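Protein chains: 2
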Amino acid sequence: MTDTFVVIGGDAAGMSAASKAKRDDPDLEVDVFETGEWVSYGACGLPYYVKGEIQSLEALVSVTPEEFREERDIDLRTGHEVVGIDPDERTVTVERVADGTTLEQAYDHLLLATGAEAVVPSIEGTDLEGVYTLGSMSDGKELREYVARAREKESFQQPDRGPACRYLEDCAGRVAVVGGGYVGIEMAEALAANAFEVTLFQRGERPLTGFSEATSEAVADHLRERDVDVRLGTEVRELVAGEDSETVAAIVTADERVPVEMVLLGTGVRPRTALAEDAGIDIGPTGAIATDAYRETNVPDVYAAGDCAEATHTVTGEPVYAPLALTANRHGRAVGQTVAGTPSEGGTVAGTAAVKAFEVEAARTGILDHAEGREAGFDPVTETIDANSRAGYYPEGGTVTVTLTADRETGRLLGASLVSEYGEGAVHRSHAIVAALEESATVFDLENYDLAYAPPFNSTWDSVLVAAKVLAGNLR
Amino acid sequence: MTDTFVVIGGDAAGMSAASKAKRDDPDLEVDVFETGEWVSYGACGLPYYVKGEIQSLEALVSVTPEEFREERDIDLRTGHEVVGIDPDERTVTVERVADGTTLEQAYDHLLLATGAEAVVPSIEGTDLEGVYTLGSMSDGKELREYVARAREKESFQQPDRGPACRYLEDCAGRVAVVGGGYVGIEMAEALAANAFEVTLFQRGERPLTGFSEATSEAVADHLRERDVDVRLGTEVRELVAGEDSETVAAIVTADERVPVEMVLLGTGVRPRTALAEDAGIDIGPTGAIATDAYRETNVPDVYAAGDCAEATHTVTGEPVYAPLALTANRHGRAVGQTVAGTPSEGGTVAGTAAVKAFEVEAARTGILDHAEGREAGFDPVTETIDANSRAGYYPEGGTVTVTLTADRETGRLLGASLVSEYGEGAVHRSHAIVAALEESATVFDLENYDLAYAPPFNSTWDSVLVAAKVLAGNLR
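As you go down the protein sequences, you meet chains A and B in turn.
1248 is the number that the working numbering gives the last residue of the first sequence; the numbers go up by one with no jumps.
1248 is the number that the working numbering gives the last residue of the second sequence; the numbers go up by one with no jumps.
Wrong hints could be hidden among the right ones.
[Claimed, not checked] Per the computed footprint, the stretches of chain B lying under chain A, defined by three or more beta-carbons under 8 Å from a beta-carbon of chain A, are:
1) 813-819
2) 1099-1105
3) 1120-1132
4) 1150-1162
5) 1186-1200
[Unchecked claim] Label-pair ranges, simulated between beta-carbon atoms:
6) B:E1147 with A:E1181: 48 to 54 Å
7) A:E1168 with B:T874: 46 to 52 Å
8) A:D942 with B:E1168: 35 to 41 Å
9) A:V891 with B:T1182: 33 to 39 Å
10) A:R923 with B:E1168: 47 to 53 Å
11) B:A1143 with A:E989: 48 to 54 Å
12) A:E1168 with B:D845: 32 to 38 Å
Simulated from the structure, these hints should not be mistaken for lab results.
Remember, predicted model here, so these are calculated numbers, not experimental data.
Built from N, CA and C at the ideal position, the CB exists for glycine as well.
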């Protein structure tokens, strides 16, 4: 008798699981229910679509619904929302979005891959016209349409728009980005590249709070160089409508009222857990669905992976919520393997992330925050160094700034943050440190790694090794 | 009583050792004897000096003799050649190059950092005018002067010089590079960029024989695109003089006689071991000076590091001769630390190397050759994959080709070779695999590494992870 694997959600985790399970066990029946129309898309590419560097939303789709159905033999139903799970009966209730009709579907294995949703801050005015988030393909579409519409206006094209425009009540093209995380920064770039006057509001004292201070500063400086007005330590209190009472016209902080015609909320995401909670599936300390190392929930044969689920931190071994694309792909794939008969863990999560901000690139991994490190039982020590991105004498190089954190007692590496000009390798260099974290290596190990060297790529000691040498020296 | 640390050789290994020893133990007397006039220089930068991208030899010097003497309090004597070691008396005999006078110098600790010398193949004609090697600063100087001289000739500047020029007896600017290793390839670029007609002769069936076949092919293809005439499987039999009987005029292979006005021999290096051998210091199986993990030779308190000495291979644990800059720096520094009182190993050598060839970059590490792997007790399996260097939809990306080798039984990673367009990250991505090799990780570990991802830097699964997934799949 054929087993049925039901997947709820058709993006990275869901489609990775479905594809892998079907590939490893072609006899398995694999059914995927997706509420929307898009599946298997790269949401990380949306800012570049809004910016205009990618010409169609379809380009962000890695595998189309037709390919899943016809080539991979997966029963993918878009426009179908799972509205209930009955773990005792091992069935899900599915509602067809188009007409509200429902159906019951039995499962032997079930994966919750319901993803995350944008957090909308609890302030007045977030429901006004002109207020956007960026989480879904339709968000991307709306934002791109907004950009096109705004740029067509005569007032937008007037030659007297300039650096002072954003302070003028009657100037077109003034926009606000709320939040200095990846989405906020990538959208600031996307909008500024389209000649908008961008003000970025960040509640904390620096953007990219999960990165090192040196990285945050480099990014903030660069945003300002590119004419983004970065307001740090600035909490947004309210969004205010204009004369029509419907469209946003200003953003209000403790100190001032800044006229804007559009607001992009980049204030984080939260896991979609309602369906799991209703079915009695445990939620973990991070607020996401709790799982074991195989992504199985407290309910047997029910798995959770991707942006709706917790993972295990590479360094601390504790639950962590890190809703990023690679984790979703990796854990989805592992669930597919497990369901097809080969139990697979799919690895831990180091909290690694990368971002490009105009012509700067940055990456972070592991634990950088000392309080967080202490809580996990470490005694964190941090060093930050600047090194040449290429040999000092080699043309056109820049600087790589590397922040490295290790445990004082053991020298064990805890985390890192790197920043350089775009193309000078901060992100790819971070790979070495991720590998070191994965293998519980120490800073004394790292300083002796035989990393590749040639003048067009680094100094004899790559910046990563320089950081390790300096930090190791402090611990001896 | 103050100890004396004598260092023979003033380049990477020697000066790293001297500086580190003096820094860690300021009471130590540190004496460095260097035959030539240059110390602490980046020989790896010489091709770019010849190319014209670096304007002075001085730019290649990281620390000047004056800085060593005045700021670091090191007794550095250039123009002084050590001609004998008496291990029983613990003295060295030093000859002043200028006048041939000698002196005796006592030591408590001695480091041989005598480096390597270019191998000149045993064929006729290598002593002709117009035949060069590239190992030392003076080699670099001569080559740059040759380039300038050749380009000034009227015949070089004639408009009818073109792709066919290299086949014409009377055409200026035809040059040959013998050897398809790093130096050969970097010099082919340097000369072609100066409008020479370059023919590259490689005895083996592919350039960069230590890299994977896929890497070699990509580099050979690119050299040809850049109009370098790459002759593979072609052994040079003789260099022939012109009418003056003094200057090279042709290069002779089994099949033909190719007119050239200059020949660059990039046929490898060999360790300078004569001084060690005379003093009864053991030479290892690779032909370089044998040492223990602390770079100490069989003679107590006599160390050897850098291009004259063996190292221990990261993967096999066997002696290896890998004369590269980082090893010299790292092991020199470790000897300095040891001499100053903190015994330090300075790590193993994975045989990691990087090279740029025009607009292509490549790196290799570990063991790729299956015969070599089997000899070390492994059962090597290799996979090669192509992946996007950035997200497929992101502008201006290219391809990264990753070759990965692991042991069939255990999955342990053995080696890798990567190639991409310059700037697309093959070299910096190799760092992750070096780290994995250093930690004896398996391909099953690597496929789950939480490497940084964002669309401007990779696909969700970085090319390194794609290679690991494919190879791991084959081993399951």
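Verification of the supplied hints:
1. 813-819: That given contact holds, which follows from 3 residues of the stretch 813-819 of chain B lying within Cβ reach (below 8 Å) of chain A.
2. 1099-1105: Per the Cβ count (3), the hint holds.
3. 1120-1132: With 9 residues closer than 8 Å to chain A, the stretch 1120-1132 of chain B meets the three-residue bar; holds.
4. 1150-1162: With 0 residues close enough to chain A, the hint is violated.
5. 1186-1200: holds (count 5)
6. B:E1147 with A:E1181: 48 to 54 Å: violated (41 Å)
7. A:E1168 with B:T874: 46 to 52 Å: Holds - the Cβ-Cβ distance for E1168 of chain A and T874 of chain B, about 48 Å, lies within 46 to 52 Å.
8. A:D942 with B:E1168: 35 to 41 Å: holds (38 Å)
9. A:V891 with B:T1182: 33 to 39 Å: For V891 of chain A and T1182 of chain B the Cβ distance comes to about 45 Å; the hint is violated.
10. A:R923 with B:E1168: 47 to 53 Å: violated (24 Å)
11. B:A1143 with A:E989: 48 to 54 Å: The hint (48 to 54 Å, Cβ to Cβ) holds, given that A1143 of chain B and E989 of chain A are roughly 52 Å apart.
12. A:E1168 with B:D845: 32 to 38 Å: holds (36 Å)
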